[in-house]
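Keeping their order, the protein sequence lines are chains A and B. Residues 1 to 206 in this note's numbering are what the first sequence lists, from first letter to last. Residues 1 to 206 in this note's numbering are what the second sequence lists, from first letter to last.
Be aware that one or more of the hints could be misleading.
Same chains, same label: a pair holds when it works inside one copy or across any pair of copies.
Straight-line C-alpha distance at most 25 Å; calculated SDA-like pairs for lysine to any residue [as the list claims (entries may be wrong)]:
1. 4 - 89
2. 51 - 174
3. 41 - 110
4. 51 - 29
No wet-lab data here; the hints were simulated from the structure.
Protein chains: 2
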Amino acid sequence: MLTKRERTRQSILDLAAALASEHGLASLSIGGLASTAEMSKSGLFAHFGSKEELQLATVDHAALIFRREVIEPAQSAPRGVARVWALLDGFLDYIERGVFAGGCFFATTSAEFKHRPGTVRDRIAEHLASWDAYLTRAVAQGQELGQIDTGTEARRIAFELKAFVHTAESHHELFGDARVFVDARDAVRDRIESLRPAREASNAAG
Amino acid sequence: MLTKRERTRQSILDLAAALASEHGLASLSIGGLASTAEMSKSGLFAHFGSKEELQLATVDHAALIFRREVIEPAQSAPRGVARVWALLDGFLDYIERGVFAGGCFFATTSAEFKHRPGTVRDRIAEHLASWDAYLTRAVAQGQELGQIDTGTEARRIAFELKAFVHTAESHHELFGDARVFVDARDAVRDRIESLRPAREASNAAG
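For reference, chain A alone in the conformation it holds in the complex:
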């Protein structure tokens, strides 16, 4: 059970993550956030101390939301191709549902911080590396189960599949064209089908 103080902190971070997904972390200010959250600046300062602490807390909060909305639902899918699909379909679903006001929080903030060395950049990169690792492990499990051909490295397959859903996100945020989600799901499905091992493919045909 969260204390009142923790609940307040959560609400502030929900708001901060939504704002940062649209306009980036640099434009978050304790003053601006206090005014939007209808709190005193000193009240908000008591929670975060500095702009950098606020930014780091916002990044970690966004990672928890991403975990809850994309990773955890996929964990209930069977290992292998079903989980790979659940991760990528879940990612697109998370964009379509507008979990963050500005699309993927990590797309906005990684582009913003890519050339700003420091702890905020490192934290963003850490969470993105963890998403890459999770997706790669899911593909590797599909290979161990004989559902995905082992002729291509799991890392490379994960890169291709991730590329489809990330590019759909950025295209959608810029052009507002929802057809790109159909394209991305078709691309993911076709790529997974193309990687079905010959034996499994002939079983399916027989």
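Add chain B to chain A, keeping to what the hints say.
Then chain B, alone, in the frame of chain A:
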């Protein structure tokens, strides 16, 4: 032949595009740029008048550079698969050569402006739509020439191929891992091979 005034303007815009590729367009200021370019603020103001005019001129200047570095070299390749490859290989090459200090100018600035409605956002979207259209037309020409299977729409194929090279760019800028360029080229080549029409494939085998 450029006048001195035009040459000065070009140098300022080269600098502005490099800075914006790293840190975005919002952080460009006439004062800051004047100081980096060792010009007077009033001298720089005479070229651009307002921050928005400076931003628009920077976007258009970056588009000219992109055209010169990626589109024009590919125009010398034969139509069809060779030109599709030249565009995507050329895009990766443009990132590897560090044409802009911060990776792809349009990756940084489209993430920055995606939720800031206005003329700057519209101009960025226009240039990106033109890159999409150019790539889609190159794929469609490959289909007309019988080099690319027509079972999948040119638009969808262009989306997939673009996804590989754009994702390589963002991954490289964040993680500094050049292996991703190998992955992206392999992914593009394998996808193009997988789209070879049955007749052409059997000719090649024979």
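Here is how each hint holds up against the structure:
Taking CA atoms no more than 25 Å apart as the test, residue 4 paired with residue 89 passes in neither setting, with 36 Å inside one copy and 55 Å between copies. Proximity of residue 51 to residue 174 under the C-alpha cut-off of 25 Å is restricted to the inter-copy arrangement: shortest distance 22 Å between copies versus 28 Å within a copy. For the identical chains of this complex, residue 41 and residue 110 are neighbours neither inside a copy (27 Å) nor across copies (32 Å), given an alpha-carbon limit of 25 Å. Proximity of residue 51 and residue 29 under a CA criterion of 25 Å is satisfied in both settings, with 7 Å inside one chain copy and 22 Å between copies.
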